[in-house]
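Chains as they are written, first to last, in the working numbering: chain A, 1 to 151; chain B, 1 to 399.
Rather than coming from a laboratory, the hints here were simulated on the basis of the structure. Fair warning: there could be bad hints in the mix.
Claimed, not checked - Some but not every residue of chain B turned toward chain A, in silico, with C-beta under 10 Å: (1) D100; (2) D117; (3) A253; (4) T257; (5) G290; (6) V308; (7) R309; (8) I371; (9) L390; (10) V393.
Cβ coordinates follow ideal geometry from the N, Cα and C atoms, glycine included.
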Amino acid sequence: MTEPTVVGFICDWSVDLKPLSEGGHLRELPHVRIIRVPCSGFVRPSWLEETLTRGAAGVFVTGCPYGDCLNREGNFLMRDRIEQLHRRLQRRKVDPARVAMLAFGLHDGPGFLAQVKAFVERIASLPAPAPARGGRPTVAQPAGASEGDAS
Amino acid sequence: MSSATTDQATGRYARSMTALLRGTLRLDVWINRVYPTDFNPLYYTGGLSNLFLLTLVLSGIFLFFYYEASLGSAFASIQYLTERVPYGGVIRGVHRYAADGFIVGILLHLFRNWFTDRYLFARDNPWISGMFLLLFAGFVGVTGYQLVWDERAQLLTTLVVAMLYSIPAAGQGLVHLLLGGVGVSDTTLVRLLYLHIGPASALYAFLWWHYLRLRHPKIWPPGVWTLFCVGLVFLLAGLIPVTRDAIPPSSPAARPTHFPMDVFFMLPFWFMNILPAGGVVALLVLLFVGGLAIPYLSRRETPAQMEVRHAGVAQVVDGNCTGCELCYYDCPYNAIVMVPSPGRGLTKAAANRTLLAVVIESRCVECGICIGACPFEALELPKLMERDVLNQVSLAMQT
Ligand code: HEM
Ligand code: SF4
Ligand code: SF4
Chain A
1 MTEPTVVGFI CDWSVDLKPL SEGGHLRELP HVRIIRVPCS GFVRPSWLEE
51 TLTRGAAGVF VTGCPYGDCL NREGNFLMRD RIEQLHRRLQ RRKVDPARVA
101 MLAFGLHDGP GFLAQVKAFV ERIASLPAPA PARGGRPTVA QPAGASEGDA
151 S
Chain B
1 MSSATTDQAT GRYARSMTAL LRGTLRLDVW INRVYPTDFN PLYYTGGLSN
51 LFLLTLVLSG IFLFFYYEAS LGSAFASIQY LTERVPYGGV IRGVHRYAAD
101 GFIVGILLHL FRNWFTDRYL FARDNPWISG MFLLLFAGFV GVTGYQLVWD
151 ERAQLLTTLV VAMLYSIPAA GQGLVHLLLG GVGVSDTTLV RLLYLHIGPA
201 SALYAFLWWH YLRLRHPKIW PPGVWTLFCV GLVFLLAGLI PVTRDAIPPS
251 SPAARPTHFP MDVFFMLPFW FMNILPAGGV VALLVLLFVG GLAIPYLSRR
301 ETPAQMEVRH AGVAQVVDGN CTGCELCYYD CPYNAIVMVP SPGRGLTKAA
351 ANRTLLAVVI ESRCVECGIC IGACPFEALE LPKLMERDVL NQVSLAMQT
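Make a model of the complete structure from these sequences and hints.
Below, the structure is given as structure tokens:
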């Protein structure tokens, strides 16, 4: 399989994955791997960066439709954090198009799949990413500090 | 009841709640096709209720200046306001229709929050305060109709008195308190005026309680919905004057037996057609107590039973916390407080901190939003740690 891996962090309460996925990936797009999280707002932006560093071609977070987060604000906050991350990635010469925020409800399966496909296609058209550099060191990244200042 | 039947009942309740959740979200799919999600009115039912409440307060202040609380002049003062004061009739209509909008808004809000599980676990504070908001809103509506002192008000008062009488032991005293004597007199209207405005003001105290555990509550709907709702209320007030029903003023000789219903406020009184007064009182008490019990009653309300993730209450990693307050700003349930740091942190970034984040366990809904907020790896959900997530990332990358 030549298609580059894409990782999706998907909120437990958003799109119903039962009919769409098997064994940790999307049935229709086997190179799209899935990690379930309790809320889209749980995802730490540094994990998204880390996922790219470990060689993923793209990474996205899926929450509920804006306004309908079970935890009230998770998807809004995540949208903001991803915007910040985009700016940071730009400074590091990583194409921000590799990181995306999606918002789909329980019954929005088809819409979700369509948007993931569009995302994957967009990534495929980008110039190849820098080769995987393995895991990051275990100490906290100073990059986090600049995120704190930014908000 | 044997435990087997309890289980079955729990199962049925759980199944119906799941069906209601799916149904509610199915409805959203349709609404979101018409409106972009930022404008889905069902996402802003709390804000809509709040908007109608403000409309009620403002129009109510206007009405208050013209109202005279006595048997002889109450109806006349309202008639004067409606017919002689410029736009008086419209403002009165606004007050009437905004009240209906308020109740519709609250009920939509209640059912939506119920069906989408937004009252569960540590989220009970807005639910309990919400039940009090509902109770007081209904009460204010009834006293509002009584203030007009037409035949409908007269009959309503009779029914309220009958309901109060049916309460064992306290009944007689309550009637005396309400009427301000043994029978209806000028004092009664003064009391009704107070019982309209007092509890209406109390709604704001309850709202403070309602928002206590909600960070940045969305208290207003999107601007276009504000315009639409206020516009609609004014339009209705202009097109369908409230005097259309033409109810004659109350008089001691009149023996009214029926009145035009306002389904939103007078439903309990309709039940008096089929139930004795005591039965209606019991029903209302039962609904209220049942409503209060909803977050606690059913055995479904544990994460395991609902088959949802139980990630555990967020934990601060003391050594890493720099006191940057980011988690404090982002926690949607105000579950994180910043306290003066009792000592230095372990990492370089945390060495000179002055504050330390503390999670108040009883308020934490285990959403993990603070985890995403913390850039210093100082917060963890015990059953889904950063380590676990990064392991999953590695796993995903291997295949
Ligand atoms: C005067 C009437 C009411 C007003 C103005 C009102 C307003 C609001 C507002 C503005 C919010 C915040 C929404 C958000 O930002 O996510 C809220 C939340 C909430 N309300 Fe009400 N409310 C009222 C009555 C009620 C009633 C009657 C109930 C149910 C018994 C209720 C239950 C809740 C619950 C459970 C939440 C939390 C939602 C969440 O965590 O996402 N409210 N309310
Ligand atoms: S998990 Fe964190 S953000 Fe969510 S309620 Fe608990 S303390 Fe607040
Ligand atoms: S975000 Fe992290 S470092 Fe900042 S106060 Fe909260 S726990 Fe401490």
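Against the structure, the hints come out as follows:
The restraint placing D100 of chain B at the interface with chain A is violated, with a minimum CB-CB distance near 25 Å, outside the 10 Å limit. Nearest Cβ of chain A to the Cβ of D117 of chain B: about 7 Å, under the 10 Å cut. The hint holds. The interface hint given for A253 of chain B is broken, as the beta carbon of that residue sits about 56 Å from the closest beta carbon of chain A, more than 10 Å. Residue-level restraint check for T257 of chain B is violated (minimum Cβ-Cβ distance to chain A is 47 Å; threshold 10 Å).
About 24 Å separates the beta-carbon of G290 of chain B from the nearest beta-carbon of chain A, more than 10 Å, and the hint is not met. About 7 Å separates the beta-carbon of V308 of chain B from the nearest beta-carbon of chain A, less than 10 Å, and the hint is met. Hint status for R309 of chain B relative to chain A: holds, with the closest Cβ pair at about 5 Å, below 10 Å. The closest approach between the C-beta of I371 of chain B and any C-beta of chain A is roughly 5 Å, which is under the 10 Å cut-off, so the hint is satisfied.
Using the Cβ-Cβ criterion of 10 Å, the hint placing L390 of chain B at the interface with chain A is satisfied: the shortest such distance is roughly 7 Å. The interface hint given for V393 of chain B is met, as the beta carbon of that residue sits about 5 Å from the closest beta carbon of chain A, less than 10 Å.
Going down the numbered hints, you'll see the structure goes against 1, 3, 4 and 5, while the others check out.
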